[in-house]
Amino acid sequence: GEDVEQSLFLSVREGDSSVINCTYTDSSSTYLYWYKQEPGAGLQLLTYIFSNMDMKQDQRLTVLLNKKDKHLSLRIADTQTGDSAIYFCAESQLNSGNTPLVFGKGTRLSVIA
Amino acid sequence: EPEVTQTPSHQVTQMGQEVILRCVPISNHLYFYWYRQILGQKVEFLVSFYNNEISEKSEIFDDQFSVERPDGSNFTLKIRSTKLEDSAMYFCASPAPGGTEAFFGQGTRLTVV
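So the sequence lines, in the order shown, correspond to chains A and B.
Per the working numbering, the very first residue in the first sequence carries number 1; after that it's consecutive.
Per the working numbering, the very first residue in the second sequence carries number 114; after that it's consecutive.
Hints were generated in silico from the structure; no laboratory data involved.
Treat each hint with caution, since some may be false.
Unchecked claim - Listing some non-contacts, in silico: residues in chain A with all C-beta distances to chain B over 10 angstroms:
# : residue
1 : L10
2 : T25
3 : Q44
4 : L61
5 : K70
6 : A77
7 : T99
8 : V102
9 : V111
Said to hold, decoys possible - Computed footprint of chain A on chain B, listed as stretches where at least three residues anywhere in the stretch have a Cβ under 8 angstroms from a Cβ of chain A:
#  : segment
10 : 154-168
11 : 215-222
Idealized CB from N, CA, C, for every residue including glycine.
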């Protein structure tokens with residue numbers, strides 16, 4: 001079945017850039033998502049990218065997609081302490097928004113002041 | 114941003130008891146999902162619900178689980194006889210019609226003792 005893999009931990013200094021990586025196995029993935037989960041909170045959709053794109057930028061966030069290698073990354077510029085959270089990569093197969101998401105285990109980002 | 118509301122935020126129950134987790138999805142959304150996240154593990158799909166019936170379910174969603182939309186607004190997940198391994202965070206989600214963004218609730222933390 002589909003699988004999504006992420007490294008579990010990342011630690012960066014405040015003001016540096018963070019890069020969180022994700023790989024997935026399903027070549028029919030249509031949409032790829034990044035969600036943020038702060039302690040005790042729900043899943044907040046940060047951004048998503050359609051599989052025919054290779055880059056998407058939204059303020060401090062840049063998503064890069066290498067479809068050939070099935071590799072997705074999330075870059076956070078000028079990382080702040082408020083960015084400390086768990087970041088989940090997820091994929092879905094269809095573009096109608098009605099198929100279940102397949103999630104990775106999440107990357108815990110720690111920002112050191 | 115549209116909101117999905119879940120209650121309660123935390124529930125403690127004894128093994129063997131029935132629990133009902135509640136969700137108020139976004140009003141014009143058509144698909145509803147339940148996911149769960151066992152502590153330290155991936156967010157896993159449980160079930161999707163469309164047009165008042167189950168659309169898709171995972172192998173986790175066995176006979177102990179059921180979903181309902183009893184009054185046209187609330188969307189409930191019932192676990193008939195809870196087991197210790199049902200302890201997890203349960204998330205309700207609803208994607209926009211024809212859209213790509215799945216909005217998640219804050220989650221209900223279920224602890225079975």
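Are three or more residues of the segment 215-222 of chain B within 8 angstroms, CB to CB, of chain A? holds (count 6)
Can we trust that A77/A is non-interface, i.e. its beta-carbon lies farther than 10 angstroms from all of chain B? Nearest chain B Cβ is 22 angstroms from A77/A, so the label holds.
Is it the case that L10/A keeps its Cβ farther than 10 angstroms from each residue Cβ in chain B? The claim stands: L10/A keeps its Cβ more than 10 angstroms from every Cβ of chain B (closest is about 16 angstroms).
Interface-negative label, Q44/A against chain B, beta-carbon threshold 10 angstroms: The claim is violated: Q44/A sits with its nearest Cβ about 8 angstroms from chain B, within 10 angstroms.
Taking the closest pair, is the beta carbon of K70/A still more than 10 angstroms from chain B? holds, 18 angstroms
Taking the closest pair, is the beta carbon of V111/A still more than 10 angstroms from chain B? At roughly 21 angstroms from the nearest Cβ of chain B, V111/A sits farther out than 10 angstroms, so the non-interface label holds.
Taking 10 angstroms as the cut and beta carbons as the points, is T25/A off the interface with chain B? holds, 14 angstroms
Please settle this one: V102/A was flagged as non-interface, so is its CB more than 10 angstroms from every CB on chain B? V102/A not clear of chain B: closest Cβ-Cβ about 7 angstroms, inside 10 angstroms.
Between the segment 154-168 of chain B and chain A, see if three or more residues pass the 8 angstroms beta-carbon test, and mark the coverage as holds or violated. Per the Cβ count (8), the hint holds.
Classify the label on L61/A as holds or violated, using whether its beta-carbon is more than 10 angstroms from each beta-carbon of chain B. holds, 15 angstroms
Beyond 10 angstroms on every Cβ pair: is that true for T99/A relative to chain B? violated, 8 angstroms
Of the numbered hints listed earlier, those contradicted by the structure are 3, 7, 8.
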